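Participant: As a plain string of letters, each chain reads:
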Amino acid sequence: MATLKTLAYLILYPGLLFIFFYSTFAEWYDRKLYARLQNRMGPTHTGRAGVLQPIADFIKLMSKEDIVPERADRGMFRALPAFGLAIVSAGMLLLPVWNYSLSNPSATSFSGDIVVLLYILSLPTFIFFLAGWSSTNLFSTVGATRVLTMLFGYEVPLFLTVLTPAVLANSWRLAEIAAFYRHHPWLALLNIPAFLIALICVQAKLERTPFDIPHAETEIVGGTFTEYSGKKLALFRLMMDVELVVAAGLLATVFLGGFPGGLLPGLINFIIKTLLVIFLLCLLRATTSRIRVDQVISLSWRYLAPLAVIQLLVIILIKGLIS
Amino acid sequence: MKLGVFIPELLRHLFKKPATVDYPFQKLAVPPDFRGSPYLQPEICIACRACERDCPAEAIEITVTNEAEKKFNMVIHNDRCIHCAQCVDSCPTDAMQMDNLFEISDYNRQDMKKRWDFVRAVVKPKAETKS
Amino acid sequence: MSFQIPIGPQHPALKEPVGVRVTVDGEIIREADLRLGYNHRGVEKLAEQKTWTQNIYLMERICGICSHSHATCYVQGVEKLMEIEPPKRGLYIRILVSELERVHSHLLWLGVAGHEAGFDSFFMYVWRDREIVMDILETISGNRVHYAINAIGGVRRDLDELQIKHILDSLEVLRQRSAYYEKLGTTEPSFVARLAGVGYLSREDAIELCAVGPTLRASGVPMDVRKDDPYAVYDEVPFEVCTADSCDVLGRTVVRIKELLQSYNIIEFLLKNLPAGPISVRAPRRAKPNEVVSRYEAPRGENIHYIKSNGSDKPERLKVRAPTLANYAATIKMLKNGFIADVPLIFAAIDPCICCAERSVAIVDARTAQERIVTMSSLRELSLKTAKHQARKREAEWPL
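Top line first, the protein sequences correspond to chains G, E and Z.
For any residue, its number in our numbering is found by taking its place in the first sequence, counting from 1, and adding 1.
For any residue, its number in our numbering is found by taking its place in the second sequence, counting from 1, and adding 212.
For any residue, its number in our numbering is found by taking its place in the third sequence, counting from 1, and adding 844.
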């Protein structure tokens, strides 16, 4: 029975099949919302209201010719997309959707898994850097250096703001943090500034406008992905979609109270809360324009990091006052 | 911060109809004077060759098929035509007109040419001609 | 570590092929170089083979956005050669289409600036409103691009009451939307952060490097052909020359938005004071031997056509000096000491119309300072001869 449950967990939900279908659905939702905000139609005609469009794009990319540049580092160039997809999919397994119990930590829900999830989310940045570097193309190199430059900006505020609710909830385990905020909803309101800062930092991690400098189409062609085509590009794009869902899931767990109720109510909760976070991210994407890399650094160190530190101090004070 | 200047406008558009149409399942109407492709009304053509002379793209070709019976053959090469309607302006009897079709692309060049065989009409050209 | 980044000829930032080669040091540009000629089509040679009437349509197709400006500049010159004077109503309709084209071109530019900066929502909204102008132009002239409303001696189509009312109603909508874009484009923080201080061109540099159009006017120099050398009916129409003082891309944006609002006023004046009468006069087939220079204020700057006739029904020589050609030297100056991330914006700020600017190449011999115009076939033979003797390089570099 336990093996059957584990297999279902790994393959069905929240395993590989669910990841594929839900992340393509999340991409459709993001694209349709972005289009409607801009008074145009978005994907239509593939499936009802264009729902199958990201899957169609994936299949199309898989069937295109795959070119490896002559001077690129063969092994790394080929292996990176698969590595990236594997890493973010592993991150999905750590979100507390079902098959966990609050009293017994298991392999997928243990003390400290919030740190592991943050670490897993910062690995894709290095994968992008290595992808750009191993392409040995001028535009990819510039894109790769921009990816790392941005990392120095948003990583610190992201860590601070995501760990702030953990400090208040007195636990390093995602399932326990979510349960704490479900039982004390007023304390969740204190984390709202941290939520807003975390939204901005997650937007930077996912490399979406206003932070889509590394693959800025109008400046450096494709940035880190200039030389990728065919199957490798399909896997990279799927990786970016899964990263979106995992980051949205992380924010929903830590700030919005998690996904209670077991299998089916938990699934509905998961969908609603992640779609809410993606709605806010999409609104941020439609409102702003791209800013320069040096402006990202100055923005994060002048505004985001100090605000995150102040928020952490306030939470520590409140925790002292409560206990 | 003035970040929120744009957001109400954006959110309002979520509830409006989109400004784009789902072509090719829905099409917009063209105005009545739209310059589509030229066509000939052979009953009133006097074969003066003004359109052939003035066409910038050399898209009109008039040949004599029978000198005695005054029979002519006109070919309009719609694949060369630039849809400027100069032939309509040059024609002294209004025999050349423009329709308003715009979806005229084809896989084969030869299918886009239009041909007429006609006898030259005896019609008085209009008093003022447009230059 | 400095290395050279080629922007173009194929690049998503450019709408047309041009080769910009920038030498960068990290993210800062140290040197810039422009390579032209990718879009050369031999328009001036072709114009010598076609009659005066056929050339109107050829001149239109030099550019898609400023098609009416080239056609009008040419037709003005030819009317001077043939010594005919078009009637007032014809001139009013011609200038009405000119101002509508200016509106559509500036709205297009605003959207493109938003897209280059990454501000896609702004781009979509502005282009949605540009559709109103395109629909008006389609109703008046029969086509959305390449209006072909000019004939030698006047215009080809007339306006009726229904069309005039439709244009005046649409003007109201456009005025309201443009006021909103002015507020948005100049106060949205991330957008302004990309535009302010970028592409600085001082007043002295602008005059010395012969910049034209909004690029010049954003550096505080109030030069506009419509005021300095009025053609058609511009001496009767009241309007102001718009300038800005900030000498950067934000200034150019502000100048274009102000010109947009001025154009709405001009269109309203033209429609309310449209005189009655014929719309064209008959033009002869031949022109007497003479030469003429015709100037016109296109949306991008000053457009100059030089036409020479020799008594036949075809021109002897036709030379086009498009405004973008005059702005290239200023662009190189603006690119130095900027960031790579600003290259698309600086380049877009001069509103480049590369296909307007591609004309024949003059080769100057550096040692003897002699000029010769070289044909493509002899250049090709020369290059094949030289390439045969060189070993095939694995990594070719552009010889700078």
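Please keep in mind that the hints were generated in silico from the structure rather than gathered at the bench.
Quantities reported herein were computed from a predicted structural model and do not represent experimental measurements.
Don't be surprised by glycine CBs; every beta carbon is placed ideally from N, CA and C.
Among the clues, some could well be false.
Stated by the list, open to error - Partial pick of chain Z residues on the chain G-facing surface, computed with a CB cut under 7 angstroms: (1) I849; (2) P853; (3) G962; (4) W971; (5) R972; (6) T1030; (7) S1034; (8) V1036; (9) Y1108.
Participant: So which of the earlier hints does this model not fit?
Facilitator: Going through the list in order, the structure violates hints 2, 4, 6, 8, 9 and respects the others.
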